Structure formats: C-alpha cells, structure tokens
Amino acid sequence: MNLRPDAKAAGTALCIGGLALLMQPGALAWALREQPAWPLDTMALALGIELISLAFWCWARASADAEHQLRRWIWLRRPAQATWLAAAAGLLIPWTSLYAAAAQWLPVVAAAAIVWAGLELMAALPLARPYSDLSGPLLVMRPWLPALLPAAGFVVLWHSGELWTEVAGVREIAAALLLVTALLATLRAFGRRQWATALRWLIVSESAIAATLIATASLEPTIVLLLWLGSVGGRAFMLAGELRGATPRRGATLSRLWRVAGWAGSAALSWPLLTALMARVESTSFTSMSVAALITVLLIAFEFIAAALAVILTTYVSVRRVVPAAERRRVMRPDPALTLSHLSAFLTLSIGPGALAIAFLGGARFPWTPALIASLPAVVGGSLGLLGRKSRAPLVAGFESAGSRTRRVARFAFRSITDLERIGVGMLQRTGRAVLAPLRDLHTGDAQEYVLFVVGLSVLALVLPFLR
Amino acid sequence: MSAIPAELWQWLIPALAVLAAALRLIVDRGGGASEFTLGPIVVVLPLAVAIALPHPGAAATLLIAGLVVAILARDHGDLLQSECALKLAWVLGGSLALSIAGSELLAMVTGTRLNAEQWAVLGAPIGPDDLWRVALPLSLLAGLVLLGGAPFHFWPADLFQGGRSWAAPLAAAALQVSGASWLARRLSGIESLPEARAVTSNLLAAVSGIAFLVGAATLLQQRRPERRIGTLASLHGALAIAMLLAGNGPGSEQWFARWSAHLAIGLTGAGLFARFLPVTSDVDPANRRGSVLFRRHPFSAIAGLLATLSLAGVPGTPGAAIWLEAARALAASRHSTLLALLGLAWLASFATVMRQWREAAGIPVRAPEGVPDPGVPGAARAALWVGAAGVILLGASWLVS
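Protein sequences appear in the order of chains A and B. In terms of this note's numbering, the first sequence opens at residue 807 and continues consecutively. In terms of this note's numbering, the second sequence opens at residue 152 and continues consecutively.
Heads up, a few of these hints could be off.
Calculated from the model, a selection of chain B residues having no Cβ within reach of chain A, i.e. all distances over 10 Å [what the hints assert, rightly or not]:
# : residue
1 : 177
2 : 259
3 : 264
4 : 430
5 : 540
Quick list of simulated restraints, FRET-style, between CB atoms [as the list claims (entries may be wrong)]:
# : chain 1 : residue 1 : chain 2 : residue 2 : range
6 : A       : 838       : B       : 282       : 50 to 56 Å
7 : A       : 843       : B       : 280       : 27 to 33 Å
8 : B       : 229       : A       : 838       : 45 to 51 Å
The hints are simulated quantities; they were obtained by calculation from the structure and are not laboratory data. Here the structure is a predicted model, which means the values were calculated and not measured. Where a beta carbon is used, it is the ideal one built from N, C-alpha and C, also for glycine.
Here chain B stands alone, though its shape is the one from the complex (with noise of 0.2 Å):
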C-alpha cells in the first residue's frame, strides 16, 4: 500500500465518491435500464476534480459555486432542492462578490495583483493603513461561507436535507475545499507582515471558535440526520479553518490534502447513510423500530456508519487522526480557548454520532403480519460499501505511510 503514490490517492478518493454517487444515482433513477440514467453523473466529475486537484483557484471556486447551484436549480418541482439553490445562490454569490471586492480594493491601495508584493507593499509605512485592515477581512469572507463553519453553517444542512443524495455529499466537500484554498491563497506569505498576520489571525480564531461553539451546540439541538451531517461538515470547515490559523510547514500541507480526501468520501458515506436513518422524535413510537438498513441489512449498515463515525473523529477512525492533529496544532501554538473549544465539538459530534445510530437500530420488533417490510436497494447497499472502502483505504495508507 505503501507503493502507491500520494497523488493516485488523491485522486481514487474522489474516484470512489464518483462511484458510489452513481450507484445511489441508480436508485434514484428507479434502476432503469436507459442508457442516460447514469448521465447526470457527469455534472458531479468537476466537483471530484476540485476535490482531488491540490490548490483549485478563484475562478475554479466560481464555476464549483455555479455548476451547485445549477444542480439543485434543475429540477423546479422538488421545493426543497429549489430553495436549497436560492439559498446557496445568494449566500455564495454575495460573500463571493464582496469578497472579490475586498481583493480588489487590496490590489487597488498596494498596486499589485500579487500575494508577495502586496504584503510588501503594506509593509511599507507610506500611508493610513484604514483601507487594507477592512479590504483583507472582505477579501476572506468567501473561504469562511465556502468552508461552512457557523455562523455560515446552515448551508451544509441545507444541501444534505435539500439536495440529491447522489449530488450533495460531493457538491458539499468540493465547496469546502474550494473554500480552504481560497483562504490558503489569500493567507500566503502573511507572515511577512505582522500586521496583517495579526488581523487575520484574530478574525480566524474568532470564526473557528464560534464555529466550533455553534456548530457542537447545533449538532446537539438537530433531530435530522441529514442535516446532523451537514453540521460534522460544517464542523470540519471550521477544523480547517483552525489549522489554517495554527498549522504550518509541510504538516500542514498534508493534512489539508488528507482533509479533503477524508472530507469527500466521508460525506458520501455519512450523507447516503443518512438517508436510510430515521429522525429523533421523542413522541413518534413508529421509530421504535429502528429503520429499515438496520433491520434488513445490518452489515450494509455498519459499512455505512463507518463513514459516519469517521467523520465525527471516533476513536480508532480515520477521521479521529484529523482532529487530532489539528488539536495537536492548537495546542503546540498556544490556542488554548481553540483548542477547549474543538474538543467540546469533538465531544458533541462523538455523543451525536453514537445517539444516532443506536437510535437508527431501535427494537428488534417483527412487522405486523401483512404490513410489507421492503427493504434497502442493492446499488445503494453497495455505495454504503464502496463509501467505507474509501475510509478502510485512507486509514490503511496513513497507517503505513
């Protein structure tokens, strides 16, 4: 396993989250036997490839924004994938707009497009220093709404309960990473100028911290298991959004490329997996059964809770390496409130995790005579399996590697 390289994991990731989207696009299509039923399938490969390629820029960031919103825009009848798109179109295409403007107003006071000569520029005590302080926060507003940490959270959530099963998880993580990049382009080179490093950083532990805060008291307040998983999403933005803040050096390079691989086939998991969950309702007693992966298919269902628990950092997963290391961040560059912080998220997402799926496998109780019992497609049964095979996979390559 070893033998292979970063790169071709970088890309069979994605590949596996491809695969397990057409297959749950399969079911979706009622199993057809058409020709096209796998032809949709062709608007999700640019976000695999955002996903897989190292640093997409602005202009990728811009087209990945588009083309969701195109997806979910598509089918008028479906009033939930239709607001979806509304919401994700004035949200992205605002906080994209300002933050366009923010790079503008930048390269208008220093003179230059470039990242380097900016800091120089700035650097450089030549005038009032007003107009780059406000341009900079602007100019990182997009990276913080792509990357979905709250208050920006409600999006993830909404693209799990809104969006196509088959779309969502891949449209969430390529957004996400779109949204890391931007704020990794922006931040290059900052350390140049202390000024600058010091706004950024105030307004980046900000965000990460009420990012965490909202995102572990959200989780605990949801009933929805789709949008539970929007907000683990949205949680790993803010993860990122704390490593952009403490991690450094080629660490850090790795693990954003291990973020985003873990990100894209742990969402797939986790979001077809939530489909098949039922929502927490105290009151309701048809949940006492337990839902219907757990009962027909529970080996389909622990394939399937893999990615899940993944994604909430459990303990011997290999999501559970990537809080960690950003803990780990935290805490070697003295973010002690950061760091308090994560592991109350990280606590949240644990609990949640395990409340939801024994809440999923209920009561063994028999259906009442006549009453059918259908049970779990196959080609959805079988992306829960390839969804895990992607996670067994990138736990085996970090351990060997």
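Here chain A stands alone, though its shape is the one from the complex (with noise of 0.2 Å):
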C-alpha cells in the first residue's frame, strides 16, 4: 500500500486547508476555546498563509520545471512568517509591563508585521512584485493560481483591520504603498496583450484599491469586502473561465454584460476611495500658508492622482479589453438562453451598487462634491474605453495608434520601475552578505584562537569594572 500521498492532490488539500482558515480564521478559536487570551485569528491567519506557502511548495516541486517553480514562489514564506510575528507581537502584548519600552513598539511591531504580510501578498511590496506575470506552479491552474495570492492578501488586511489601522504611522504607510501598487499594477494590466495576464494584474490593482478603503477606514468593514467581492470576484470568474474556452466572452450579449459589469464593479469600489481621499482635504489647508500644511495638501494630491489614473486606465481595460471571442466550430451548438457566466456577470454588476446602496442606507454620507469629482475618473475610463471600441467615429484613428503607444509606455515605466525597486532591493543584499560575511569565516580558524578569545574576553572582564 503506497501511503505517500500525490503532490497535487496534496497541495490542493493543503491550499483549500490554507483558504479556509483565511475566510474563516475563527474556526481555530472555536476548536481551542480554552485560550481566550490568544491572538487566535492572527494565528489562523499565519497559519492559512503558511498553508498556502506550503501548497505551492508541493505543487512546485512536483512540476516538470521544478527548479524554476521552487524559485519562483519561495519568497510566500516572507509573509507566513511575518504574520507569526505578527501573532508573537500579540502574544506579547497583554504580559508587558506597562512602563517597559516594549508596550510602546509591540502594538507597532504587530500591525507592521501584519501589513508586510498582506501588501508583499499584494505585490505591494518591492520583493515579490512582478509575480502576476508568471504563471501558477500546478499545470491544470497555471494561469489562474497567482490571482489568489493579492486576493489572500487582501483577506489578510481585512481581518486583521483593528490591529494596523489603528497605528497611524503603519496605516499612512500601507495606503501610500498600495496605491503606487494600484497605479503600478494597472499600468501592467495596460500594457499587456494577453488579457489572462491583464486579469491578473486587474485583480491587483483592485486589492490594492481595496485595502486602501481599508486604510481610510470611510466605509464599515463589511461594505468594503463586499465593494471588493463585486469587482474581484467578478476577474476571478472572468480568468477562471479564460481556461474553459473563453467561455465569459462568447457572444456579443455575454461580452457587453461582462464589459458592464466589470466597469461597474471597479467604479463602484474605486469612488468611495476617491471621494474619501479628496474629502481628507481640510478647506483650512488653503487658507494656511505653513510648510506642514502644503506637505499635506500635495501628499493627498498625490494619492488622489494615483488613485484616479489606477481608476482611469482599469475602467478603461474593462471597457476596451473584453471583445468577443472568435467562434472557431463551423456547427453551433445548443446553448442555453441563461448561463452560468450571464448569472455571474449580473452578481458582478448588482454586487458593488448593491453594496453602495447598503452602505448609504446604513447612513453613510460624502460631502457631493468631492463625490461628484470622485466620479469622473470611472466615467472617464469607461468613455474612452467605448470611444476605443467605436471605429467608425472620427476621434478614433488617431486613439488607436495613440492606444499603442500608451502601452509601451505603459510598459516601460512599469519595467524602469521594477527593475529600479530590484537594483535597490538586490544592493541591500549584497550589503547584508558582506556585512555577515565574517561570521562565516569566524568559524574556519584554529583552537589556539578561541583560547585566546576566552583569555581577551577575561582580560576585557577585568578592566571594564574599572572603568566604570
């Protein structure tokens, strides 16, 4: 009897193990209800990454180009193990003496660990950043299973809001990375032709622009996951279905519902985060001429003009990218009037509205002309999303050779970007090796020289009293 069990069977039970402990990290405190002083669902939540680290280990290695794949996908144990930090911090926290140095930091220490954890997931952090490129280490997934990694990513974020939202520093921190995030990984979904790729890259960006929702903390917690499930879940299904034939773009119908939904999806999640970024602005900020309040203004600016180029160009690939797959079979076959692909195409467009409804409803308000301003950029996107789409119209000839131009821009400020982050990310290393090179070689050397370590240390032993 072989006992061993299949790789990929393996790591498909070790990543639905990994997911649902991330969806539902309760359930480790259901099952050890004794320790209620624990941080059980930061530890679930450590414990779901390290799941899923371990799941693309196992698929990795078992695939045929094993080496590139286990290199490819080491860097998932940075976050699992940030976010055991992260639930040691919390450990900690209740037994530190209230005076101590200690109680200052490790509330800090907890949500920096946490946000590491969910923005490097997010490909918001240097390290790992171009992964959605690359595609998945288990062949019947490859393009699809690098999109649940900013999708866990967010769910981290999500969970574990309380603990690095309230930690300003750490808060301010993470929305100014994951907006760059959000504006770096559209200008990827725009510069790319393969729209799998695109997908991918979408699903980022939108995680992103989520998680900053998060940040700004102008929506309840279940609004935003909600505003995120209407345009993430929507790509999901749209890159799922990608591997089963194109199946969400066949027909003209299917194609122009998804291209509305997913505009709608990402409008109805990327205006509450515009509307709250503008509204940050205090009128008083004006009025002020202090050094401190212009740094304000221009910093908000600036978020605000990521933000909104980030909206700008997803709509504009929502709108733009979706067009009707070729239909290669000479005989049609019967298709039913209503498919699966129509029903989620119709949950992707209430979903993110429907959401935005609740919220407004629960009493939620914006000031209406930040609102207004805050509307532009997905109307804008969508517009010239369709202006592209219309060949007839005279405007258009000179926006299509525009539109590949753009990409290559697109493309090289995306590559000039990462390859910046990379030289700086890979000087740091090289500095790091050189620095702990000597402990290294401290160990190569003789007896007489630990003897003679013993006797310096005595002597040193000796004089420090005195110096005292």
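Dock chain to chain to rebuild the complex, using the hints, since each chain is given by itself in its own frame.
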C-alpha cells in the first residue's frame, strides 16, 4: 500500500485548508476555545498563509520545471513568517509591563508585520512585485493560481483591520504603498496584450484599492468586503472562464454584459476611495500658508492622482479589452439562454452598486463636491474604452494609434520602476551578505584562536569594572 | 498523563535520549552482533544523569566537561573529533580555571564560600569594592561559556559537526545544563546586594543580547545542517541567560526544568536528523534530489523534523512554549531591547528550519538506472521516532499540566 500522498492532491488539500482558515479564522478560536487571551485570529491567518505557501511548494517541486517554480514561489514563506511575528507580538502585548518600551513598540511591530504580509501578497512590496506576470506551479490551473495571492493579501488585511489601522504611521505607509501598487498594476494590465495576464494584474490593482479603502475607514468593513467581492470576484470568474474556452466572452451580448459588469464593479469600488481621499483635504489647508499644510495637500494630491489614474486605466481596460471570442466551430452547439456566465456577470454588476446602496441606507454620507469629482475617473476611463471600440468615430483613428504608443510607455514605466526596485533590493542583499560574511569565516580558525578569545574576554571582564 | 509525577518526566526524557543514542550507536557500529556493540553507551549515561539532576554541582560540571573531552579524544584517527576535543579542552578548561579563580577571589575578599554570607559581607561598606566587582564577572565566565551563547557559540556547532551523532547531542545538552546550574548557583541570593545584582544584570543582559544577535546572524549564514543545530543549541543557551536575568520565582524553576528536558530530547532528535540532511549549496546540482531520508522514508523524516522544529520554537511545538515563556519574562521585566533581539533570533531560527527541511525534501527526481539508492538504516529511523516521541510526550505533559 502506498501511503505517500500525491503532490498535486496534497497541494490542493493544503491550499483549500489555507484558504478556509483565511476566510474563517474564527475556526481556530472555536477549536482552541480554552485560550481566549491568545490572538487566535492572527494565528489562524498565519497558519492559513503557511498552508498556502506549503501548497505552492508541493505543486512547484512536482512540476516539470521544478527548479524554476521552486525559486519563483519561495518568497511565499515571507508573508507567513511576518504573520507569525504579528501573532507572537500579539501574544506578548498583554504580558508587557506598562512602563516598558516594549509596550510602545509591540503594537507597532504587530501592525507592521501583518501589513507586511498583506502587502507582499498583494505585490505591494518591491521584493516579489512582478509575480502576477508569471503562471502558477500547478499545470491545470497555472494562469489562475497567482490570482489567489492578492485575494489572500486583501483578506489578511481585511480580517486584521483593527490591528493595523489603529497605528497611524503603519496605516499611512500602507495606504501610500497600496496606491502606488494600484497604479503600477493597472499600468501593467494596460501594457500587457494577454487578457489572462491583464486580468491577474487587475485583481492586484483592485485588491490594493480595496485595502486602501480599509485604511481610510470611510466605510464599514463588511461594505468594503462586498465592494471587493463585486470587483475582484468578477475578474476571478473571468480568469477561470478564460481557462475554459473564454466562456465569458462567447457572444456579443455576454461580452457586453461583462464589459458593463467589470466597469460597474470597478467604479463602485473606487468611488468611495476617491471621495474619501478628497474629503481628507481640509479647507483650512488652502488658507494656511504653513509648510506642513502644503506638504499634506501635496501628499493627498499625489495619492488622489495615483488612485484616479489607476481607476481610469482599470475601467478603460475593463471596457476596451473584453472582445467577443471568435467562434471557431462550424456547427454551433445549442447553448442555454441563461448560462453561469450570465448569472456571474449579473451578480458582479449588482454586488458593487448594491453594497453602496446598503452603505447609504446604513447612514454613510459623503460631501457632494468630492463625490462628484470622484466619479469622474471611472466615467472618463469607461468613455475612453467605449470610444476605442467605436471604430467609425472620427476621433478613433488617432486614439487607436496613440493606444499602442501608450501601451509601450506603460510597459516601459512598469519595467523601469521594477528594475529600479530590484537593483535597490539587490544592493541591500549584497551589503547584508558582505557584512555577515565574517561570521562564516569566524568558524574556520583553529583552536588557538578560541582560547585567545576567551583570554581576551576575561581581560575585558577585568578591565571593564575599573572603567566604571 | 497528569498522574505521572514531574520527577519521572525529568528522568524519562533523558532516558529516551539515551535510547535514541543507543539506536544510533548500533548504526555507527555497523549493526554487528557483538555484545560490546552498545558498550560505549555507558559513557553517555553520566551525561543523562547530569541532565536529569535538578542542580549538578561544580564538581559534577568539571567531571562532565572532562568526560565529554575524553569521549571526543578517544578516537585518534578521526581528525574532526580530535580537533573538537582540543578546542573544548582549551576553551572549557580555560574558562573553568578563570571562573574558579574568580570564585576563590570572592572567597578571599569575603572570608567565606557561602553565597548568602558573601553578599552580606560585601554589603557592609568596609573596604574598596573593586576586587569583588572583578571577581564576580570572572566567576560567571564558565557558566556563560558552557551555555554556548555567542561569542562562545562555536563549540556547540563544532561538537555537532565533529562529534559522533550518538554522543554529541547529550554532551551538548549536559554541558549547557551544567552551565545554567553554574550561573544559577553563583547568582542565588544576589537580590540582597543591589550593587552586585546591577553588575551581573548588566553583564547577563549584554551577553544574552550579543548571543541572540550573533546567533541569529550566524544561523542565517550557516550551510551545514549539523552546525545549524549547534547554533540553535547556542540560542537556547541565550534563552537560559535571558531567563536567569528576567525570570524569578517558581515559574522560573519550572522553566529551567522544562528547558533542560526539552534541550536533551530536542538536540538528540535534531542532531540525528541533521546527519541525514544535505549541505546547503547554491551550485551543487546533486542537492536537487533531496536527502535519502525524505526520498525513501518521508514519515521518519517528518518524525526527525519535529525535534528540529521544536528547537527553533515553531508555533505548536513544545519548544515554542520555551521561547514564549522567556519572551514573556523579558516583557514583564522591562527588558525591551533583549525582547526585540530574542524576537530576531526566533525569526531567524524559524526561517532557517523551514528552509532547511524544504531543501532536504528537494525535488522528487528518480535515481538514474543502475545507480543504487540505499535507504537509511532501520535503527537510525527508530532513533528519529524515539526523539519525536520524546518531544510529543513532553508537549503533551505540559499541555495537561
């Protein structure tokens, strides 16, 4: 009897277990209900990410190009490690003396660690930014698997929202990094011709926008989750559909429906974020001439522009790129009038606006002027997308030729930024290795050096008290 | 399980470690049927007793150090063992000599050898205090060296790489437990003399801080699995120093009992396991296949892995409780910098162990036709299972209590 588990099955079981823990971290608290003082939710998140990392490792080592795949996905241990650190810090906080310095920095460490995990999974840190360009390690789901990771990152940040949004410094840095990521990811989605790859990058971008929405605390977490589901859920379904013969793009009606659904999901998600970013600018900032006020306004303007550009590009790609898949069959199969694709598109179309309606019914209010301005990027992006599709419009010829040029610019911008990041990270790694190299060399000496070392320390022990 | 008294656990765990060592010895001896095959195990029995005893005295420490050096020096033909014996003889001999000199100096200054009386005499302002301020740190040196925290972290790694795998884990654990006892004995009652407490607190804080920092950095740099286990042992030495600094009361006593039992069984399991792991190498394509243990006996590999994970304090293992209790003691006693350094060391241990076993598992590639792929001997696998059983029993008993 062979008891060795098949790598594919083991990976799948681990991945399902990890995702289940990420979706429902309370399960661990239920299983260990005798330990109420422990940060069990964070521990469950850490275990969940660890299991997903293990699943990728199982699949990678069993794949045909195992060496490449192992190297490609080895970084997944870092987010797991960071979440374990957050859990450990959470365990220690109740035990820390109120007067100890640790009482100040342990909550910051917990927040920073959990944000690290979330950001890295969402490609928001320079260490593993381009992973969405690459396919996953499991053959049957290769193009789809990397889409799991930004979703996991968002879920981590969503579940631990209270932990990291309460630490102002961590929250601000996370929001800035997320907005940069949203912009970079949309640039990449815009620059790539392959629809499946573009979809993966759109998932990264929209997860980053949703996570920034958590940081602004302008909406209830449940509403944010619904908005995220409305946008990213649709993209994930489309990506899965691409693997099954591009079913969401079969036929003009279905394509049109998905175009509207994608646009609506993206618009519903981004609108409250842009409104919240604008609403942060206080009117006194313009009357006061202080440098601090000016810097604040400039930072908010930068964030708003980054988010707005990301939204324009996302909505443009959502509308422009969904083209009906060419029918290659000679004899058409009788398809039902209402398919799963229709239902999913309808759900995607309704969840986002529905969530906003629930928010308004629940008492959420936004000032009029920012709300109106915030709706513009999605409208502009969608309109440009539509314009690109109307091939008879007089404006279109110039627009089409500009389109290929701007794609090249987007590709160049993304590559330049990621290359710069890679150079920076590489320099840091090399410096670290150079600094730590003597530690390895220390062990190559012979016994005389060790005894000299002990004698030296003893002399120091003799001299130190006199220096006091 | 709760019905088993704590004293029995104290003896049971070292006994399991000896059993694992005996099984490994059978493999080392080629599995011969001679009645003397298990003879050498007699020499590790005193080491197991030293681990099981609550507080081995100074004489016991000297005996253990001598015995370990003798075990290593016995095989003249083995250069690694001989070199290791030489290093240990010089380093332990030197540090013990200096510490005994420091203790004698303290006895000379105070006119007594009893700790309580020494603190009382030193508390009276009757003379210059320079002499005891020098003598006190000197008297602690042997304990610090025996615990193996950096900058004395080279000897556990040397011992695991150079020594026999049946003797090295118990030898390292016995020396470290003796080191902790040496320090605890020397520091007992020091609370009654705040000046002395301040001197030793500063010294212990500096030493454990350096031990955590250098240990973590060393662990990330090392490539040999045996040396990594040695450095993990040295980090456990740093944990003991931190606990001596921050812990107090019966909780601290219980922690030391658990620490020594865990160290014995953890090092035994991990030390044996490390012998079957490949050396990390970025260029050697042979490592792609992973170790024979993972390839041929994955369940035994997981059993061996358990002890290693526990040593590194991976959550869910008994070792995690050891690390966590030490961190809590530091947090409660306001040693924030040390707490941060302990966190760093824990992260390094955790990351290294996870990387180590993934490297060991490698890529499942079939051996080329005609190339023999021998498995791991049954006795060695049994030793790994004994180590794992010890770790599980330890964890279960702590959970119940």
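Status of the hints after comparison with the structure:
no.	hint	in the structure
1	177	holds, 26 Å
2	259	holds, 16 Å
3	264	holds, 21 Å
4	430	holds, 13 Å
5	540	holds, 19 Å
6	838/A / 282/B: 50 to 56 Å	holds, 55 Å
7	843/A / 280/B: 27 to 33 Å	violated, 45 Å
8	229/B / 838/A: 45 to 51 Å	holds, 48 Å
In summary, the one numbered hint that this structure violates is 7.
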